[in-house]
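For the protein sequence lines, the chains are S and B, in the order given.
Numbering-wise (this note's numbering), the first sequence opens with residue 1 and increments by one.
Numbering-wise (this note's numbering), the second sequence opens with residue 1 and increments by one.
Check the hints yourself; a few may be wrong.
The calculated lysine to aspartate or glutamate pairs, modelled on EDC-like cross-linking and capped at a C-alpha distance of 20 Å, are [said to hold, decoys possible]:
no.: 1; chain 1: S; residue 1: Lys117; chain 2: B; residue 2: Asp3
no.: 2; chain 1: S; residue 1: Lys66; chain 2: S; residue 2: Asp54
no.: 3; chain 1: S; residue 1: Lys70; chain 2: B; residue 2: Asp3
These are computed hints drawn from the structure, not numbers from a lab.
Below are the chains, spelled out letter by letter.
There are 2 protein chains.
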Amino acid sequence: MADEAPFQILHNEVIQYIYTSAENGETENGRNITKLENMGFRVGQGLIERLTKDTARFKDELDIMKFICKDFWTCVFKKQIDNLRTNHQGIYVLQDNKFRLLGQLSAGKQYLDQAPKYLAFTCGLVRGALSNLGVKSIVTAEVSIMPACKPLVIHRQVTY
Amino acid sequence: MADEAPFQILHNEVIQYIYTSAENGETENGRNITKLENMGFRVGQGLIERLTKDTARFKDELDIMKFICKDFWTCVFKKQIDNLRTNHQGIYVLQDNKFRLLGQLSAGKQYLDQAPKYLAFTCGLVRGALSNLGVKSIVTAEVSIMPACKPLVIHRQVTY
């Protein structure tokens, strides 16, 4: 339980910090999500570099996505992605049924509008990791019923 | 190795973020250390609450400090404090010979002036944890030869 706690609590504090500075008029409110996403991006880049230091070269994109779902997700969230689906044309859907960074929010629809700020960092995290593996992507997330987060990874390769 | 990586990298990004915002003129530079310390304080509060949820009541201050050195430090840094000394009058010195958050900085005196910003968060972390256990304290850190950080916990109880 406590293993992922330092990361989780620090993540919450970062959100708090960025939103509080915005309220003080120091930054624009609309840029908060972008800031969180950017921070996630850089953490994802650094993390994937360490994780893939000694791994074999990846066969293809699907191989990369599997690595994200297993090793990468386990390193950050201490569990694997529960479900990976793909249309084999560049779109991947990763589903985490018990997403840790939303665990503190109450289940139910009441706080659903608060969810985006708890997902932005993770979207950036995945995008940064993929980016360092040479896969340009657009990463979005959605959450239907609260604790079951469904990070939806829409991925479009830009350069061939 | 990779277990503490997400926390470590996020910690570095937070420092980066706070210092970059300051450079853009959004905040005063002198307040950065305080901001990091405050963030650490709140993370320490949250963390100690989770860690002590099921522990027995602490006998005395020394008992609390031992908990910080073992369980608390292990949770955050995946290793224990190497050396705890005290004068039994409220001053405790915790020494970590391989402090993880400084591991990325090169050994040697060249970057010694960069150390404070990598220590501020941890000082707050310890102060927050102690504060939630009812121990008011002043926490400072020093680092002599680079990778051997010596978080110096000067603790003065204010209320009796």
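Task: Hints the structure fails to honour - done: Hint check: 1 fails alone, others pass.
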